[in-house]
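For the record, the sequence lines run as chains A and B.
When you number the first sequence by my numbering, it's gap-free, plus one each residue, and the end is 99.
When you number the second sequence by my numbering, it's gap-free, plus one each residue, and the end is 240.
Hints are not guaranteed to be accurate.
[Claimed, not checked] Covered by chain A, per the in silico footprint, the following chain B stretches (three or more residues, Cβ under 8 Å):
no., stretch
1, 17-26
2, 53-64
3, 69-76
4, 96-108
5, 127-133
Treat the hints as calculated values from the structure; they're not laboratory data.
Each residue gets a CB set at the ideal place from its N, CA and C atoms; glycine is no exception.
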Amino acid sequence: MDIGWYLVVSALIFCIGAGGVLTRRNPLVILLCLELMLNAANLALIAFSRMHGNADGQIFALIVMVVAACEVAVGLGLIVAIFRRKLPIDVDELKELQG
Amino acid sequence: MSAVIFFIAAIGALTGAIGVVALRNPFYSVLSLVGHLLALSALFLLLRAEFLAAAQVIVYAGAVTVLYVFVVSYVGDGTVPLGPGGLRLRNVSMLFVGMLFVELAIAILGSGLSAIDGKGAPYVPGFGSPESIGEALLTKFLLPFELASLLLLVAAVGAVMLARRRAGGTTLEDIAYDESRYITPRSLFSGTMAEAVGALHAPPEAPRAPRKAADPVPASSPRAADDDASRGTHNPKDED
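Given the sequences, and given the hints that come with them, work out the whole structure.
Here you go:
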């Protein structure tokens, strides 16, 4: 298959993830949608790596996976902390930080 | 053949992604993410990234998803209805997402990269194999590799600090230390090897004074019972 097809799939997944981040209100699902966006970026990186025949892009994707794992750990820790303080698990209710 | 696999995997990945966004119950969203990740790792295999496909399945579909399932079942079903003004916001964000996709498509098609229409560089044996990835990680990309390990350490410590119990609930430090709460009193020779072989006989135990409750929080308080149950440190008084 042409590399362009992979890039189109990657763009679609990225847009679906972005739509989820914008529309959903549960922070857990927002984290899941962030995962989708990071995975879309990974797919694009690997497609470009294949296009050039250079494995450096795969290293880049591996580092992105590490960063995503860190983000999951910290994000889920935040959600557990929110839950323990008996605050609503809803990003629209947690708006004290907004300017 | 590869085209067929590509379309199956791509449709699977897109369906999984739509499921993550559209399903109301977060638990089903996580399950949908698993399907998405498996389909995506098939796409990685088609792009000859064998090591990354394996890492994707093991790290994401294995570890990260289990973490998500734990937190979903801990926090509970957070199905939230759309609030006031939610529908308008949804339409605006859908418009934004559509524009984003159009922009990305223009960027891809108009990039002028002639190789995008090709099947990629000629295949070299060993491309994307664990050997080549490991060699690159330990020679050319040693500094990012070490930084990634440092980042993982910081994230682990940070997650523990964030999720730890703070002021508000009673912790173990708040309860005054009472020996009988943790140590079962017993006579001098009981539980020793000498007793086991029959060389020594433990003297009959003296009748123990009834323990008094040293819990500062009354046990009838539902909060305290809840805290004990959630920590798994509930120590029934009549346990011997």
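Evaluation of the provided hints:
Only residues whose C-beta sits within less than 8 Å of a C-beta in chain A count toward coverage, and the stretch 17-26 of chain B has 5 of them, enough to reach three; the restraint holds. Counting residues of the stretch 53-64 of chain B whose CB falls under 8 Å from any CB of chain A gives 6; the rule of at least 3 is met. Residue count for the stretch 69-76 of chain B with a Cβ under 8 Å from a Cβ of chain A: 4. That meets the three needed, and the coverage hint holds. Here's how the stretch 96-108 of chain B fares: 8 of its residues keep a CB closer than 8 Å to some CB of chain A, so the rule of at least three is met and the hint holds.
Coverage of a stretch by a chain is defined here by at least three residues with a beta carbon nearer than 8 Å to that chain's beta carbons; for the stretch 127-133 of chain B and chain A the count is 4, and the condition holds.
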